[in-house]
Amino acid sequence: VLTTYCPANNEPIASVRQGNLEDYEETVKKAKEAWKVWADIPAPKRGEIVRQIGDALRQKIKVLGSLVSLEMGKIYVEGVGEVQEYVDVCDYAVGLSRMIGGPILPSERPGHALIEQWNPVGLVGVITAFNFPVAVYGWNSAIAMICGNACLWKGAPTTSLVSVAVTKIIAKVLEDNKLPGAICSLVCGGADIGTAMARDERMDLLSFTGSTEVGKQVALMVQERFGRSLLELGGNNAIIVFEDADLNLVIPSALFAAVGTAGQRCTTARRLFLHESIHDEVVAKLAKAYAQVRIGDPWDSDTLYGPLHTKEAVKMFLDAVEQAKQQGGSVVCGGKAVNRPGNYVEPTIVTGLPHNAPIVHTETFAPILYVLKFKEEEEVFAWNNEVKQGLSSSIFTKDLGRIFRWLGPKGSDCGIVNVNIPTSGAEIGGAFGGEKHTGGGRESGSDSWKLYMRRSTCTINYSKDLPLAQGIKFQ
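Residues 4 to 478 (our numbering) are what the sequence shown spells out, left to right.
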């Protein structure tokens, strides 16, 4: 039994029974049986079920958003926004259910058809993190379901209530349609369940969202059995501001990207590169904006900035600030824990560090923004790319040539490459994910659905002859 706590006051909310390996074994067997039913249903009909799941979430959006706020600690509008994201992905998946499939290709042989057939992989394991306890499961499950897969979810132990609530909403829709609830199963648990999922050959795809360190272990375990993994790992994201940038866009963008969700998004801006000619002006304006950030209870509609998720995160924040000082940084604002109940820290700006300081190259899951100076486009593009991760990036400029160089082969090496908007707050229609130590996986929109399916190239001979490819004669 695990107790979940409210990050805003560290008071216990509820106790949730955690699954053991016997529970896991039973769940996998039921999910595999449920898949046999689900895979036989035509994709557009599966889309109709996903549409109903989206509608059920719509009806519960406020209460579920409040629960996210209570248990994860993000502000209420972000909690509701996260549920909305799952709803949006359901809507997207409904349309997709009538469009997935492969091409009919021209065959070089007369009387032959060459087609690409896509089938579900089978059972998709989904391991999600505390920071997006609803949306990331939504990205995976809605798309995986219309592709014909069953899902087995392990949410973060510290957001177990949210996992249970979401699963109950889905289960009711499935059962109302006389379908097995095990199409979307949940096992609450810790590292033992995660390890079992990674090593289990019955897990046809494992989608993992979390830290780079754990993701590497997961990838190795899955690869050892030649399984498939989809990894969404860390980010050390940069915003680059050139001298021609519109500062009326820059200040709110940097504020949202660095301070939103108390710096606990994988797309949070952690590095802000400012052209030397505007450095001091932007720092002064940003510090003024930081001073106006309203800290409070996450469920209070006035609050813009809530607590960190755990006590350990507060310690990590304080350690990082100390290291930044030791490496030559100056704290412009913030840098301390807030003297109130809960896991609150001050949103922090640090200046004066070199671009390659060890702390700058470390992803700290907290609201610390390292502000760095640059002179030339070429050097700052290289600095954007010099960190291990490659998730999100953004530049602010009006120069059209520079914009397209940024988007091109010598520009950003990230999976998300933005212009004149923040690093965070992605739409669901595009593929979400990153390169290098971010893991290479893609979820949500574009052609991410292909990761949840297996493809077969099928050649059908409808003639009475047997011509061979490449003109080979074998007689």
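You may find that some hints are simply not true.
The list that follows gives simulated cross-link-like pairs (lysine-lysine, BS3-like), each with its CA atoms no further than 25 Å apart [unchecked claim]: (1) Lys-32 / Lys-171; (2) Lys-376 / Lys-401; (3) Lys-318 / Lys-391; (4) Lys-65 / Lys-175; (5) Lys-376 / Lys-391; (6) Lys-391 / Lys-401.
In short, the hints are calculated from the structure, not lab data.
Going through the hints against the structure:
no. : hint              : verdict
1   : Lys-32 / Lys-171  : 20 Å, holds
2   : Lys-376 / Lys-401 : 19 Å, holds
3   : Lys-318 / Lys-391 : 24 Å, holds
4   : Lys-65 / Lys-175  : 18 Å, holds
5   : Lys-376 / Lys-391 : 20 Å, holds
6   : Lys-391 / Lys-401 : 29 Å, violated
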